[in-house]
Every structure is written in structure tokens, then in C-alpha cells.
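Colleague: Chains as they are written, first to last, in the working numbering: chain A, 1 to 150; chain X, 1001 to 1150; chain R, 2001 to 2150; chain S, 3001 to 3150.
Simulated from the structure, these hints should not be mistaken for lab results.
Heads up, a few of these hints could be off.
[Said to hold, decoys possible] Using C-beta positions, here's what the derived DEER-type ranges look like:
1. A:Q25 / R:G2133: 42 to 48 Å
2. A:E30 / X:F1089: 27 to 33 Å
3. X:R1046 / A:E86: 27 to 33 Å
Note that beta-carbon positions come from the ideal geometry of N, C-alpha and C, so glycine has one too.
There are 4 protein chains.
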Amino acid sequence: MSKRHDPDELKRKLHAFAKEAPFFQLMDLEVLDFGPRWSQCRISPRQQLRNPNGSVHGGVIATLIDAGITQAMLMTDEYQVGVREEKGFLTTVDLRIRYLRPMTAGAMTCESKIVHLGRRIIHASSAIQNDEGQDVALGDAILSLISRST
Amino acid sequence: MSKRHDPDELKRKLHAFAKEAPFFQLMDLEVLDFGPRWSQCRISPRQQLRNPNGSVHGGVIATLIDAGITQAMLMTDEYQVGVREEKGFLTTVDLRIRYLRPMTAGAMTCESKIVHLGRRIIHASSAIQNDEGQDVALGDAILSLISRST
Amino acid sequence: MSKRHDPDELKRKLHAFAKEAPFFQLMDLEVLDFGPRWSQCRISPRQQLRNPNGSVHGGVIATLIDAGITQAMLMTDEYQVGVREEKGFLTTVDLRIRYLRPMTAGAMTCESKIVHLGRRIIHASSAIQNDEGQDVALGDAILSLISRST
Amino acid sequence: MSKRHDPDELKRKLHAFAKEAPFFQLMDLEVLDFGPRWSQCRISPRQQLRNPNGSVHGGVIATLIDAGITQAMLMTDEYQVGVREEKGFLTTVDLRIRYLRPMTAGAMTCESKIVHLGRRIIHASSAIQNDEGQDVALGDAILSLISRST
């Protein structure tokens, strides 16, 4: 962690920021908890996020994975130093979702973790479960970290 | 096409349905045109669909690809007979998005096509461009068609 | 497991079969252990499986994942009944490899597991480590099981 | 192209190198033709590259795509300058194969192209057909170019 940031203070600010994010509100997305290299996020989808047959849209599930993986990066040194301090960029290069079971009722919780944090290439994985603990989807992403100093 | 449907009439009904779809409205998503095995869809994202830095959320781009590929299936015989008439299911098994360039301004248009339509497994691909004709993202999906008669 | 097979006897036969498989011999591939829904396989690559710079070819790593996932299916009821007894088919629909670290020296071990075994669609994952226990690659696959009786 | 290389001479040297590559010989792999950002490669698989049921192993098809995409990079400026002259690295980050049809007889030809060549991230795609012109597999890859000067 960058010396300039107290981890607790940083987390409070990031959490408050997530609560106010307009897109997260639009998607009923809540950041439950997070730390360096992991996050737990949740969507309790209202009717508008569902297909006529009641199942949640694939794009909503993709959004939960994409947001969860980004959230898992925010408290890492690599993000705080490379992106925040040195004005670099973190971009998603590739996102993949494997849909295991339709999400028909209740909320879904997504656990995300950074599985490989290289200097330039980052690999992350997510797993989404429904309220009964059944697997709903698996996700993974490749991100690219472009710092100004390299 | 199923003998019971006039293609023009079917297309009109499906297009009207897409215009009224609550989730499409939420995501500023418009179905421009479509036919058996292809579609052209568009998102003109308002501010709420963007990150604080102005780029469109990855989940919005994933939504455009997911919706475009589903739309490309609707007028196929396989969908109209297997799903509509015989009460089968079409589900997305796998969705992948390769992000090529941040989507910072204007609208984005997605061309989707079904590249392989097997009896049970369907492969589809999408390409998204911005208003300057630059590639923004590539997508592909694997769908599973489960008809009651098989 | 099909009632007609003793699991120990089945495993012995499958293991002997893997040892004799010409393609496995060509790729220096050894099946270490396996059971229903999991396998552990290994490649100790000779020079011919390496690039001029000494790193193992990406196709060799893909082969290890593909073989490991198939091996993880062989002792499942779904395979023994659906494919062996009922003359169905198991095919790989999609295979993905995420390369985390070049494989420059020693052997690599691949743990594969079936993470979702639906009636028609199967999701599997693999992780490859080098002899120092470092992650070399992650893999996943989607398989389709087509039994004659459905 | 780097000023120090004559393209025709470079191509001759690269083609001769591919013909002698031990792994390509092991996999019956032939580089038919190539240029900056594209390649055409072919595998005429002998019996040892096939499953007992006669279909070509998935790892062989993955090898053809991986090799074809790498070959499509060799004559680009980015490779010749960034990797050859400046002693940088080109690595495959992600490889995906979508299997459309079993490869049961004859040879298969793979067309590969670089679809997006960024400064650090490269996206490539391949399509494999059998001798009847039927699609056998689709592939894509993400590569990372790490030059010493950046």
C-alpha cells in the first residue's frame, strides 16, 4: 500500500464512492466488502433487470463480474501507486462469463479474486452464487496495467 | 421459417417487442435491424452508463453483445420451431468480450451473426464499432438449444 | 457408476489405456491419478516440445489441459452410461488457456476438475503448476454430452 | 519493417526456420504462407495425432492456432523491432479454441490474422477449415508485447 494512504481510511473512501456510483445504483449493485486482491459484491435484481421469463439478463451478470474484479484491484499497491499516484491506466482486455444456471429468483453474490498480478498483465476470477448457495456463473478477466513510469 | 409465421409479420412483432423491453430502455439499447442469423444493435449511452472517467462500463458493452446475439437467433427456424412452438429453451452457455479500445464518446453499433448453428450447440460472434468506424470490442458466445422433442 | 462396472477394475483398464495412448507418448504426457470428476496429469517435456528459447510450446500446455479434462470425465456415470453403454458422444465445444508464466524448466502438473455436470453441458477447469509449485497456466473447457437416449 | 531487413530475405529466412522447427515436424505442421499480420498454416495429421475414434486431438488443433498466430506476428515491425532488435518479449496471454466439427479425415488449413495490434496488447483470430471447406474450429488469442524500450 502506498505510504500516503491509511488502509482503513482508503477503504472507507472507496466504499462510499461505490455506494454513490450511478451505474451501480442503476444495476442494483452493492459492494459488500473488499480488500487488496478480493471483493464480494451483490445484485438484488428488480424486475427491470430480468427477461420476460423472469431470468436475469446475461449483461447484468457480466456487469457484476466486471465490477467485482475492478473492485478487487482498487486496494492493491499496483493500483494505488500505478494508477492513482502515477496517473496510469487499468483496462479490462478480456472478460468471459460461463453461465451455469438461470438466475430466476432472489439475489446473487459474486466473489472475485486476483489470481495473478503481473507487472503488466493481471488475471482475475469470479464465482457467482444464488441465495441457496448454488453456482450461477463463473467469470474471469484479463486486465492490463499501464503505468506512466514504465 | 416455420410455416405458421409470415417473416415480415414476425419481424414486425419482434421489433415492437424489442422497443418496449424495459431492460433495453434502461441500457439505452436499440435494435436497428435483424434477420435470421444476424442483427444490428446500438447503444447511445447516457452519462449514467459511463465510468467517472467518461468511458462506458464493460458491463454495458457485454450487454450489447449478449442482446445482439440473442436477437440474431429470434428469426431462425431453430428458435421459432424449437423454442416458440415446441416450448424449448435457448440459453447462453458462454459469453466472451475482448475490449479493444475505450468507448469514450458517441454511440456504438454492434453487428452480430450466428457462425455455426448446430442441432444443440450454437456459436455466435459480434463486433462493436464506434461512430468513427473504429473497433471497440469483439464478442462471441456459445448457446445451447434444448428442444422438447429431442 | 454403471452397475455393470467395478470402479477399481474400470480405473485399472482406463489407466492402462492412457499409458499406451500413442498421442500421450508423443507429448510426454502421463496420467498420474484420476477419479470421477477429477484428474492429475503431467508432462515432462523433452527438448522437441520446447521453443528455441527453451519455453514449452503453448500447444503442449493446451494438450495437457484438454487431456486432463477428458480424463476427469471418464469415470463419471454420465460418461460410462451415456457414452460407453448408450453409444453417445462427448465433445469439447470450447477450450481456453490463460498462460501465467513461461514454462522453462522441469515438468508441469495439471489438476483438472469438472465444476458443473449438467445433462447436456459440462464445465471444467484446470490449473497447471511447475515443479516449484508456481502457477503456469489456467484452463477451462465446455463439453457437450450427446447421449442417444435423449 | 525495420530498415535493416529486406522483407523478401526476412521471409525466406523465417520460412526456412519454420520448416526445420522440431515441434512443427512432430505435429505435422507446415507453414504455407505468411506476411505481416497474417499466416496460412496446415496440419496433415498422421494416425498418432488422432484419438482411437479417428478424430484429431484437441491439443493438435490448439497447436495449429497457436503456431499460426505467432507466425502472423513475425514479419510485423512490432515484432522485428520490439522483439528481435530490442530484445523484448512476445508472449501469449490467452488462447481460446471453439471446436465446431470433429476433424475426422484429411488435412486442415488455418488462416490467422492480427485483428488489433496495440502497443502492448495484441488480439488475433484464426479459422480452421477441412479439405471440403467446412469450418472445423475458430481460435483467438491475446498476446503481450514487452519491449525493453518502454
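Colleague: Each hint needs a verdict: does it hold in this structure or not?
Modeller: Here's how the hints hold up against the structure:
Distance hint check: the CB atoms of A:Q25 and R:G2133 are about 43 Å apart, consistent with the given range 42 to 48 Å. Against the hinted window of 27 to 33 Å, the Cβ-Cβ separation of A:E30 and X:F1089 comes to about 30 Å, which satisfies the hint. At about 31 Å, the beta-carbon gap between X:R1046 and A:E86 stays in the expected band of 27 to 33 Å.
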